[in-house]
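Kindly generate the complete structure, drawing on both the sequences and the hints.
4 protein chains.
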Amino acid sequence: MTKPYKLIQRHIRPEGSAIQVGTSSIGGGSLAVIAGPCAVESAEQVFAVAEAVAASGARFFRGGAFKPRTSPYAFQGMGEAGLKILAEVRERFGLNIVTEAMDEAGVDMVEKYGDCIQIGARNMQNFSLLKYVGRATKPVLLKRGMSATLEEFLLAAEYIMAEGNYNVILCERGIRTFGTHARNTLDLSIIPAIRRTTHLPIIVDPSHGTGRNYMVEPMAMAAVAAGADGVIVEVHPEPENALCDGAQALTAEQFAVLEQRLEMLHGAVNAEEAVMSRA
Amino acid sequence: MTKPYKLIQRHIRPEGSAIQVGTSSIGGGSLAVIAGPCAVESAEQVFAVAEAVAASGARFFRGGAFKPRTSPYAFQGMGEAGLKILAEVRERFGLNIVTEAMDEAGVDMVEKYGDCIQIGARNMQNFSLLKYVGRATKPVLLKRGMSATLEEFLLAAEYIMAEGNYNVILCERGIRTFGTHARNTLDLSIIPAIRRTTHLPIIVDPSHGTGRNYMVEPMAMAAVAAGADGVIVEVHPEPENALCDGAQALTAEQFAVLEQRLEMLHGAVNAEEAVMSRA
Amino acid sequence: MTKPYKLIQRHIRPEGSAIQVGTSSIGGGSLAVIAGPCAVESAEQVFAVAEAVAASGARFFRGGAFKPRTSPYAFQGMGEAGLKILAEVRERFGLNIVTEAMDEAGVDMVEKYGDCIQIGARNMQNFSLLKYVGRATKPVLLKRGMSATLEEFLLAAEYIMAEGNYNVILCERGIRTFGTHARNTLDLSIIPAIRRTTHLPIIVDPSHGTGRNYMVEPMAMAAVAAGADGVIVEVHPEPENALCDGAQALTAEQFAVLEQRLEMLHGAVNAEEAVMSRA
Amino acid sequence: MTKPYKLIQRHIRPEGSAIQVGTSSIGGGSLAVIAGPCAVESAEQVFAVAEAVAASGARFFRGGAFKPRTSPYAFQGMGEAGLKILAEVRERFGLNIVTEAMDEAGVDMVEKYGDCIQIGARNMQNFSLLKYVGRATKPVLLKRGMSATLEEFLLAAEYIMAEGNYNVILCERGIRTFGTHARNTLDLSIIPAIRRTTHLPIIVDPSHGTGRNYMVEPMAMAAVAAGADGVIVEVHPEPENALCDGAQALTAEQFAVLEQRLEMLHGAVNAEEAVMSRA
Chain V
19 MTKPYKLIQR
29 HIRPEGSAIQ
39 VGTSSIGGGS
49 LAVIAGPCAV
59 ESAEQVFAVA
69 EAVAASGARF
79 FRGGAFKPRT
89 SPYAFQGMGE
99 AGLKILAEVR
109 ERFGLNIVTE
119 AMDEAGVDMV
129 EKYGDCIQIG
139 ARNMQNFSLL
149 KYVGRATKPV
159 LLKRGMSATL
169 EEFLLAAEYI
179 MAEGNYNVIL
189 CERGIRTFGT
199 HARNTLDLSI
209 IPAIRRTTHL
219 PIIVDPSHGT
229 GRNYMVEPMA
239 MAAVAAGADG
249 VIVEVHPEPE
259 NALCDGAQAL
269 TAEQFAVLEQ
279 RLEMLHGAVN
289 AEEAVMSRA
Chain H
19 MTKPYKLIQR
29 HIRPEGSAIQ
39 VGTSSIGGGS
49 LAVIAGPCAV
59 ESAEQVFAVA
69 EAVAASGARF
79 FRGGAFKPRT
89 SPYAFQGMGE
99 AGLKILAEVR
109 ERFGLNIVTE
119 AMDEAGVDMV
129 EKYGDCIQIG
139 ARNMQNFSLL
149 KYVGRATKPV
159 LLKRGMSATL
169 EEFLLAAEYI
179 MAEGNYNVIL
189 CERGIRTFGT
199 HARNTLDLSI
209 IPAIRRTTHL
219 PIIVDPSHGT
229 GRNYMVEPMA
239 MAAVAAGADG
249 VIVEVHPEPE
259 NALCDGAQAL
269 TAEQFAVLEQ
279 RLEMLHGAVN
289 AEEAVMSRA
Chain A
19 MTKPYKLIQR
29 HIRPEGSAIQ
39 VGTSSIGGGS
49 LAVIAGPCAV
59 ESAEQVFAVA
69 EAVAASGARF
79 FRGGAFKPRT
89 SPYAFQGMGE
99 AGLKILAEVR
109 ERFGLNIVTE
119 AMDEAGVDMV
129 EKYGDCIQIG
139 ARNMQNFSLL
149 KYVGRATKPV
159 LLKRGMSATL
169 EEFLLAAEYI
179 MAEGNYNVIL
189 CERGIRTFGT
199 HARNTLDLSI
209 IPAIRRTTHL
219 PIIVDPSHGT
229 GRNYMVEPMA
239 MAAVAAGADG
249 VIVEVHPEPE
259 NALCDGAQAL
269 TAEQFAVLEQ
279 RLEMLHGAVN
289 AEEAVMSRA
Chain W
19 MTKPYKLIQR
29 HIRPEGSAIQ
39 VGTSSIGGGS
49 LAVIAGPCAV
59 ESAEQVFAVA
69 EAVAASGARF
79 FRGGAFKPRT
89 SPYAFQGMGE
99 AGLKILAEVR
109 ERFGLNIVTE
119 AMDEAGVDMV
129 EKYGDCIQIG
139 ARNMQNFSLL
149 KYVGRATKPV
159 LLKRGMSATL
169 EEFLLAAEYI
179 MAEGNYNVIL
189 CERGIRTFGT
199 HARNTLDLSI
209 IPAIRRTTHL
219 PIIVDPSHGT
229 GRNYMVEPMA
239 MAAVAAGADG
249 VIVEVHPEPE
259 NALCDGAQAL
269 TAEQFAVLEQ
279 RLEMLHGAVN
289 AEEAVMSRA
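Listed in order, the protein sequences are those of chains V, H, A and W.
The opening residue of the first sequence carries number 19 in the numbering used here; numbering runs sequentially from there.
The opening residue of the second sequence carries number 19 in the numbering used here; numbering runs sequentially from there.
The opening residue of the third sequence carries number 19 in the numbering used here; numbering runs sequentially from there.
The opening residue of the fourth sequence carries number 19 in the numbering used here; numbering runs sequentially from there.
Everything labelled a hint here was simulated from the structure, so no lab data went into it.
These numbers were taken from a predicted model, which means no experiment stands behind them.
Glycine residues also receive a C-beta, built at the ideal position from the N, C-alpha and C atoms.
Check each hint, because a few of them may be wrong.
Here are the in silico distance ranges between beta carbons for each label pair [to be verified]:
| hint | chain 1 | residue 1 | chain 2 | residue 2 | range |
| --- | --- | --- | --- | --- | --- |
| 1 | V | Val-275 | W | Tyr-232 | 26 to 36 Å |
| 2 | W | Glu-106 | A | Ala-92 | 23 to 33 Å |
| 3 | V | Thr-155 | H | Ala-73 | 51 to 61 Å |
Here it is in structure tokens:
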């Protein structure tokens, strides 16, 4: 069986795609750092994180107004009120907003308030939703499903593009395995596989990918060394009081250090690549 | 962390729930056999299978009008036209119709034409859709996600019930593992775990669970021996010409034998259980 | 790549192999039930279990004198003293002894005292040991490795047979997956795959395969319904005081019920198969 | 249950262990690069690779004289003749020799000819062999089993150390998952987990860990960025003609580039760490 890839194929744009997200872009050689809390909990919380994120030099802000929670009895997100807070983050701090939508109504709202529509891992094969965001005007950040193969992941992107929205950013966020030292197993080997197969940018989520605060920095570094176009990480003013996923959130101080280290690493790897390619 | 189970808990109905599906029921001690083609392809194909299914004594018919396909370029199902064919199957053959919905519009249509709304594995954590079918009037067949834990599976059922629809049937359909001798790994040990935890019925899909024609009978037998309330299997008049999943479909002849063997097995296991419990 | 199977191939003995183990045999249409404690702890413990096992009608006794323990600081088994106790079980109760060897010295001792050399899951690809038991005179019970594919499992058997020992019994004992409701995921779909590929008998270990007392009976029943040649289960006089794996051991009473149910099931499935094949 | 770690615990040597291997060491802040062919095939092949490895600045040479092959009919290695060739590599090129032993006789021979005894993934829980190398005088490179948890991996090291051999180097080499884009899934998140738990060095095998030539460099880079003490990679003069694992071997030219990039990366990450720790 030949793999039915069409629009995602590398040879269509051999140099790789740079996807415009608000006032900045992801892919195309620059390093994208997307940071923010798991969930939008309040304006105070969000602004505190946003200030730290902007100060560190990152250009993208994340935060969930609609939260896909395993239990129906868990906090489900602030909804449109949360999106309005995120829109204010863009105004105040100049950060571009990446935020998740879980259904068609949510997509419409994210189009209104945000800069990039995130499709979560659990919806990676929600084909109706993929088709719907394929008709949206904003770019899409598509997270790999917990047990998705490379082919399934790329065909999910193909679903979006087949509807006309070519602005898709892929995101590895860890897969389900037998392992227990991390919440998921971050599969960085998908980075070179994606580079080889498609022109779409690939970023990595070491926060959900490990579920452990102390693993976020080493895995973010590893992702960039492996060739990722960026990372998306969780930052919370008080991780221990977060309404969701506190165990994996970085403090503002940890994030500032990480941002600096990632820039250094990205520069070193690329400078040297430039030297190599001249040789 | 205590598991936030509420409505699914076994002790609420210690004898187990029997869920009414059309004119018959699933759970509560009887054996439910749901059979039919993967996809509704044409009236001729569907009626041929339905005749064989009805003749064998089975009470439920399956067939997809909306197909969740990995590729956007694969056959996506006949849509409403397919549902009308299924409605005709009910009229002609007295079979109760189980068919998948992938989004809200699809749920509305399945409510109109079918007897039971199937939520596929890829949508098991499509929480917006779960909430929507939680407000539907027809029962829901909820398939386990490919990498869902028991807890995630049960909480997906809880999502539906929390909205008011208590008629949920669980379905094990195989999980993703490293194995390659079958398309998925059918996890029958979830049957006793589900029996112990919840009052909801549990059935098994040995067709998707193995992806191999020759494995369907032994795994269906194993499921019933392990205590499943029924099975859902794929039957096709010409498996080699099926538009989807032909490699796993049974012929009408194979299905007739299977139905007979399952009835025998279910009788033997239950007769003996009855003897035991009198002792 | 063609699979390099030679001696294990089904067509060599299309009717399937019956392997002589002491005074009885495994495979060839009969049902083999192997039961006993995880570890030999004392003569008293072992004789108590053996009496119950023999009384139930089972023909094979299991019990470990050499225990592969995850921690070097855990009880490692009684060694030769344990084997002597097992030999006495054979004398007293007429049961055939299946017991594990972990190295060459152990194989020599099991050859002296036991009837069947068990190779554990962790040693399934200990190729030096496979070659060594390939030169032994007693039959070998080969357990599937926790992450072994069908091909790796069968080639491990091929390693033994290539050295001249054709008396190999295969045993499915659960694989490693993301699941947490059982200790391992019992992969019963390997039974039909093995039936189709090789003439060697296949049995199932629902005790290690689930790690849960309450799952042993349903999974043992499922194994026989799926066509297994037998089961190997753990029985302990006082599961709560077992030195290893107590959570999964059956009491003598539970085992007596299980043995009876398995015989009934095996009879029902086979009687009906006989009827079918006459038709 | 408290984890029964004793000798491997981080607090015993908070600064981390540097393990002497021949004339050099692994761990303790330096970068260890171990390179060479999968199998020793001939003196010519080995010397060609060794010359390239030495020229690149690497200090360790790998090559298998005993090969754990899935099939009994595949090339099983040159045995002692291969070890003699490796000993000559040390004489001629000053490289320290890391080579696998699969049984006690093999351990004795590797002790005679080599500098470090490798225990392969398939033998990670061959407890008899672990105890035997625990009484050897040479250091041990212990590869993680394909489905080993962190705890099982560390307790395997504990087995060796409990016998008196404290010179253990851990090696992540990929785990079994559902993924198909690489032969295994390299689990780099185990690096920070190991750093936190034990003082033993941890290296990574991106060759077996991916099984793909083009993934070796990005995954080696990722491993070092995540904090690994080194890498072990396969190099072959003519990968397409290798007797085993040719698809993943680097050419000498590819390896020279990789070595240079890894040194650069290790320097950049550490220089910057030094700056940070002064701050």
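Checklist entry - For this structure, which hints from the list above don't hold up? => result As far as the earlier hints go, only 2 is violated by this structure.
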